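Kindly produce the complete structure, drawing on both the sequences and the hints.
Protein sequences appear in the order of chains A and B.
Read in order, the letters of the first sequence correspond to residues 710 to 1171 in the working numbering.
Read in order, the letters of the second sequence correspond to residues 710 to 1171 in the working numbering.
Just so you know, the hints here were simulated from the structure itself, not pulled from any lab data.
Treat the numbers as computed from the prediction; the structure is a model and nothing was measured.
Careful, some of the hints might be misleading.
Treat identical chains as interchangeable: a pair holds within one or across any two.
The calculated SDA-like cross-link candidates involving lysine to any residue, where the alpha carbons are at most 25 Å apart (straight line), are [to be verified]:
(1) Lys802 / Thr717
(2) Lys833 / Ala735
(3) Lys865 / Asp1097
(4) Lys802 / Pro1164
(5) Lys802 / Ala921
(6) Lys972 / His1147
(7) Lys865 / Asp810
(8) Lys833 / Gly953
(9) Lys802 / Gly748
(10) Lys833 / Arg948
(11) Lys865 / Arg1000
(12) Lys865 / Thr729
(13) Lys833 / Arg951
(14) Lys865 / Arg828
(15) Lys802 / Asp993
(16) Lys833 / Leu1146
(17) Lys865 / Pro924
(18) Lys865 / Ala921
(19) Lys972 / Gln1008
Number of protein chains: 2
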Amino acid sequence: MTRALLTTLRTELGAEAVLTDADVTAAYTRDQMPLAPAGQPLAVVLPRDVAGVQATVRACAAAGVPIVPRGAGSGICGGANALEGCVVLVTTKLADIVEIDPENRLAVVQPGVVNLDLREAVAKHGLFYPPDPSSYDWCTLGGNLATNAGGLCCVKYGVTSDSVLGLEVVLADGSLLRTGRRTVKGVAGYDLTKLFVGSEGTLGVITEATLALRPLPQAPGTLAAAFSSTRDAGAAVSRIVREGLVPSLMEIMDATTIDAVEKHLNTELGAGSGSGALLLCQSDAGGELARRELAAIEQICRDTGAEMTHATDDVAEGNLLMQARRSVHYGIEALGASMTDDVCVPRTRIADLIEGCERISEDVGLRIAVCGHAGDGNMHPTVIYDADAEGEFERARRAFDAILELGLSLGGTVTGEHGVGKFKQDWLERELGPVGLHVHRQLKRALDPGNLFNPGSMFSLE
Amino acid sequence: MTRALLTTLRTELGAEAVLTDADVTAAYTRDQMPLAPAGQPLAVVLPRDVAGVQATVRACAAAGVPIVPRGAGSGICGGANALEGCVVLVTTKLADIVEIDPENRLAVVQPGVVNLDLREAVAKHGLFYPPDPSSYDWCTLGGNLATNAGGLCCVKYGVTSDSVLGLEVVLADGSLLRTGRRTVKGVAGYDLTKLFVGSEGTLGVITEATLALRPLPQAPGTLAAAFSSTRDAGAAVSRIVREGLVPSLMEIMDATTIDAVEKHLNTELGAGSGSGALLLCQSDAGGELARRELAAIEQICRDTGAEMTHATDDVAEGNLLMQARRSVHYGIEALGASMTDDVCVPRTRIADLIEGCERISEDVGLRIAVCGHAGDGNMHPTVIYDADAEGEFERARRAFDAILELGLSLGGTVTGEHGVGKFKQDWLERELGPVGLHVHRQLKRALDPGNLFNPGSMFSLE
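Structure representation (structure tokens):
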């Protein structure tokens, strides 16, 4: 049966598009979340066109072999991890920017286009594709769509689904669905586009997307503000939101994160030793308006007790300040093994979340570095542990779960942007509750009755 | 059987909440779209709480009697029109603003809250709920959610679904589903919120919504620009979009509309006689920024051939200019019977749409007045006819359909904001195509296996 499937796939896609050598397929079995399980795939296929995707889906459906759709593998929830004996359907060879329409400010792309490549292509037309996950220089738009990726832009420009006008999707029977439209408005039928965005490869394979573009923003001005306590920084965030200021970026780092970054960069962030939190804000409104926006934010930071504030409209200096945020990953990496959480809480509860993480840190006896997108409440507490030390992994895992628990108790969600995948199914079930889970299962059964696409990822049918 | 159902409903909801007198129920059998069919309901029920909605759903499901959910009845697609022998479930008694949370900029509302009442309540906190359908002073938020209502705000602030964070929905088995969350970001599971928004009462009854609010915008500045041809006005719109200007309102009126409004207001709009099109723009960015935004738009209008432009930051004068747009309905009403279309086209095709309407007008020998939301391409061509003249209704209907055909041929949709309801099912089928329709049917069957909610509205199961 599996041999027949491989023969069919080779015939339909060409032998070079069907990989079965375990040494080769190994590169396609995991994404970037080491804690999620992964199996050995029967094959990895890389179709070059939509017909190839359809042929793969039909052949796998006929053989009863599950399909795991995969982009670049930059995900961090195990969503693209292989299932034992599955076919991994990699969309990276469907990599055309089909069209850029500057007049209607939209682009039509295939799923294998790298996020950065689209950004650069549309920038030539003075246009901007906002979603900017941290892997933007290698992740693909197909993966961004499947996980509804966010990034630093979200506070002002929203998440991936806010930039999608329509999709082309290969369904479980191999048929080709077109959702949405090229117009900016439309209410003809159910919003299928938004149903497929963020469905993590469980409902179909996205083969094309029509994306809304924005005018290229101005070069940003940047503000850094250091606080003695996370409580004060949290109060600043609340006030900024409350007063209707919408910076184009608003990131927060706690003391542990500041410390890790300072060690990594071998510099002081100017926050002063023992600073409790650093807030980084940008405004891309341009010129005088950006200056005024940042000045208003700076005033709020001072009013809420900032020990230090520094604003600049010099782009190079702004980049230097932003380097602190961009170095968090490396700074923490240097401290040991780590598990990064992804909770999103109401923006008024950020200080509560950080303080809760401090308590959890004390409980388990491990450091937790908290940074995140303060502008939308999406925080990434990272538990640091020694993988070789007896029992530390288990304690880290306990802290990781306690943070999710805390996020839910603060009215938040167990995943703000990373997704559920093959890692947080239990937590999704808990967040959704029995009725929500039941509806998910009903929808999955309706669109994928054979449970062909990524079975057991996100949630199981039983 | 039906008597038993009525007894159950009276027991569960109280006798005063169950209306069966045909003279009384007549007020609940139709919305504002006279061309859509309507039947005689078995009963109209007005539950006062969620338990009452659940009891109604369970009782109707048990009796096999369909439910048509209804808000204020301001819709214009027949979506809320009664089916013969159905129960009309009216949500206007669920009318509490449950919570306003200024710090997190959100409100929790029941479906019977009138759009304007929410606007006024949040304005006291300096906040703004953008969606503003023209019936905003009497339509309810439940209906806005069910139809994914738009309005004049969409060019800058999007449609209803862009302001919804989460829902509470009574499903076909009477269970209570909670979708979404109170956070501004979140990817835990499928986007059920967006699936229910715009589903026109075919998947469940929305009993609560968590809505995102924005800071109250500044008092708007206003610009009027008159063009000798719709082609020039269309070119202006394209340039404005292309250059990344985002006014808070951008409306277009063609010559027939201008004429109708001038007659109604008994004044000249200052466009000069024989003007081909009038463009009205507002900026709510405030002060100097608004002046610059409108000045840039004014310059584009001049560059593309405007015969007259007039900008003002005087609010009263702006309201006077906007009165022209707000009077369109009355101006056209005075000309005879009318059918208002609702097509949305890519913004570069607005001039093509208006010129196409002129051709259709000549073909059928009836006037067609075109106005609409130029900023998002959502146009409302209105066919004017004499209801008493032999054959005019049929010709009007032919023109109406030809406009939908034209909209589709220009890459548009058959409904930008009014919905499908019991009027445009054939056109929806055509726009979706067989695969899209099949997916709609699969989803409807999955969530409403007994076809309880608004059966045959939007699309039929066969």
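To see whether the hints hold, each was checked on the structure:
1. Lys802 / Thr717: Answer is within; shortest intra-copy Cα gap is 19 Å, inter-copy 60 Å.
2. Lys833 / Ala735: neither (37 Å within a copy, 59 Å between copies)
3. Lys865 / Asp1097: neither (42 Å within a copy, 54 Å between copies)
4. Lys802 / Pro1164: Within one copy only: 24 Å inside a chain, 43 Å across chains, cut-off 25 Å.
5. Lys802 / Ala921: within (23 Å within a copy, 39 Å between copies)
6. Lys972 / His1147: Neither way: Lys972 and His1147 sit 48 Å apart in one copy and 58 Å across, limit 25 Å.
7. Lys865 / Asp810: both (23 Å within a copy, 20 Å between copies)
8. Lys833 / Gly953: Cα proximity of Lys833 and Gly953: across copies only (14 Å, versus 32 Å in one copy).
9. Lys802 / Gly748: within (23 Å within a copy, 54 Å between copies)
10. Lys833 / Arg948: between (37 Å within a copy, 17 Å between copies)
11. Lys865 / Arg1000: Answer is both: 17 Å inside a copy and 23 Å across each meet the 25 Å cutoff.
12. Lys865 / Thr729: Neither way: Lys865 and Thr729 sit 44 Å apart in one copy and 51 Å across, limit 25 Å.
13. Lys833 / Arg951: Answer is between: at 13 Å across copies they meet the 25 Å cutoff, but 36 Å inside does not.
14. Lys865 / Arg828: both (17 Å within a copy, 22 Å between copies)
15. Lys802 / Asp993: Answer is neither; intra-copy 34 Å and inter-copy 45 Å both fail.
16. Lys833 / Leu1146: neither (44 Å within a copy, 38 Å between copies)
17. Lys865 / Pro924: both (13 Å within a copy, 13 Å between copies)
18. Lys865 / Ala921: both (15 Å within a copy, 14 Å between copies)
19. Lys972 / Gln1008: neither (30 Å within a copy, 53 Å between copies)
Consistency note: the structure conflicts with the earlier hints numbered 2, 3, 6, 12, 15, 16 and 19.
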